[in-house]
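If you're matching positions, the sequence shown starts at 1 in the UniProt record's numbering and goes up one per residue.
These aren't lab readings, by the way, just hints derived from the structure by calculation.
Predicted, not measured: the structure shown is a model, and the values here were computed from it.
The beta carbon of each residue, even a glycine, is placed where N, CA and C say it ideally should be.
One or more of the hints may lead you astray.
[Stated by the list, open to error] Pairwise CB distance ranges (calculated): (1) 8 x 30: 42 to 50 Å; (2) 32 x 11: 37 to 45 Å; (3) 36 x 14: 33 to 41 Å; (4) 49 x 16: 16 to 24 Å; (5) 16 x 54: 16 to 24 Å; (6) 47 x 27: 14 to 22 Å; (7) 15 x 50: 16 to 24 Å; (8) 9 x 38: 21 to 29 Å; (9) 8 x 35: 25 to 33 Å.
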Amino acid sequence: MKDTEGYVTEDGRQIGGTLMELRNITLRFGGVVAIKDISFDIREGEIRAIIGPNGA
1 MKDTEGYVTE DGRQIGGTLM ELRNITLRFG GVVAIKDISF DIREGEIRAI
51 IGPNGA
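Use the sequences and the hints to build the structure in full.
Structural data, given as structure tokens:
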């Protein structure tokens, strides 16, 4: 993990630095690859979700 400076959103809220980095995530169910090689950061104050091809 690395700490980055916070930033201000369009509506003026202060968002803190990076809390977690996720890199090269792949999710398989048997022979089916639902999600392949995604990467993203989670910053303080954010909520993130991963939605697969079937909406789950």
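A quick look at each hint next to the structure:
For residue 8 and residue 30, the Cβ-Cβ distance of about 45 Å falls inside the hinted range of 42 to 50 Å, so the restraint holds. At roughly 39 Å, the beta-carbon separation of residue 32 and residue 11 lies within the given 37 to 45 Å, and the hint holds. Judged by the Cβ atoms, the range 33 to 41 Å given for residue 36 and residue 14 holds: they are separated by roughly 34 Å. Range check, residue 49 to residue 16: Cβ separation about 19 Å, and the 16 to 24 Å hint holds.
Distance hint check for residue 16 and residue 54: the Cβ-Cβ separation is about 33 Å, which falls outside the suggested range of 16 to 24 Å. The hinted window of 14 to 22 Å between residue 47 and residue 27 holds, with their beta carbons roughly 19 Å apart. For residue 15 and residue 50, the Cβ-Cβ distance of about 20 Å falls inside the hinted range of 16 to 24 Å, so the restraint holds. As the Cβ distance of residue 9 to residue 38 is approximately 23 Å, the hint placing it in 21 to 29 Å holds.
Separation of residue 8 from residue 35 is about 31 Å and conforms to the stated range, judged on CB atoms against 25 to 33 Å.
Hint compliance for this structure: hint 5 alone is broken.
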